[in-house]
Amino acid sequence: MHTLFDRFDRLDTRMNGWLVTHSISLLRISLGLIFLAFGVLKFFPGVSPIEDLATRTTDALSFAMLPPGVGMTIIATMECAIGLCFITGRLLRIAVWLMGAQMLGAMSPLVLFPGELFSGPSHAPSLAAQYIIKDVVLVGAGLVIAATWNGAQIVAEPRSMRSTLRAAAPKVMRRTPTEMQPTAQR
Numbered sequence: 032m033h034t035l036f037d038r039f040d041r042l043d044t045r046m047n048g049w050l051v052t053h054s055i056s057l058l059r060i061s062l063g064l065i066f067l068a069f070g071v072l073k074f075f076p077g078v079s080p081i082e083d084l085a086t087r088t089t090d091a092l093s094f095a096m097l098p099p100g101v102g103m104t105i106i107a108t109m110e111c112a113i114g115l116c117f118i119t120g121r122l123l124r125i126a127v128w129l130m131g132a133q134m135l136g137a138m139s140p141l142v143l144f145p146g147e148l149f150s151g152p153s154h155a156p157s158l159a160a161q162y163i164i165k166d167v168v169l170v171g172a173g174l175v176i177a178a179t180w181n182g183a184q185i186v187a188e189p190r191s192m193r194s195t196l197r198a199a200a201p202k203v204m205r206r207t208p209t210e211m212q213p214t215a216q217r
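Residues 32 to 217 (the numbering used here) are what the sequence shown spells out, left to right.
Quick caveat, the hints were computed from the structure, so don't treat them as lab data.
It is possible that some hints are incorrect.
[To be verified] Ranges between beta-carbon positions, derived for each pair:
no., residue 1, residue 2, range
1, P145, E188, 20 to 28 Å
2, G151, W49, 37 to 45 Å
3, R190, T108, 40 to 48 Å
4, G100, A199, 45 to 53 Å
5, I185, P99, 42 to 50 Å
6, A95, E147, 36 to 44 Å
Note that CB positions come from ideal geometry on N, CA and C, so glycine has one too.
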């Protein structure tokens, strides 16, 4: 049985190495696909499940200064641009800033229309509120991507599974710009 655990431990260590190498890129591309897909939906009237809420929110945030439909077109264009930037890995700084602005707008109905969004029994969130609340995960993913646009990266420090079973999550290490340079350049 000990050898079975050792084999699994080696597999786990190899898998961790693969995740260190690929997880940020996969997260970035996945987030890009989500933004692109939801952005494209907004170009077609009546297709997006939150079109009415998004339109009312845009009207409230713009003090009804935008002509009908323009707000949705702006949101759709912005989400598609964010998605394409994340998918291609280009203009990430701009995409993250756009995403920050978009997320503020997307979450603002929680403040603008709380009575409507939390109208269930005991003020349970409606389906629209749940749709908005899940955006917290998108914000977290965006923060991880933002942390890597300057070249920050996950570094594998292989340890056996046995040694990590009771350990707390490792702390984030910060390095100075000189420490981040390859050894030949120091």
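Structure versus earlier hints - violations, ascending order
Numbers 1 and 6, in rising order.
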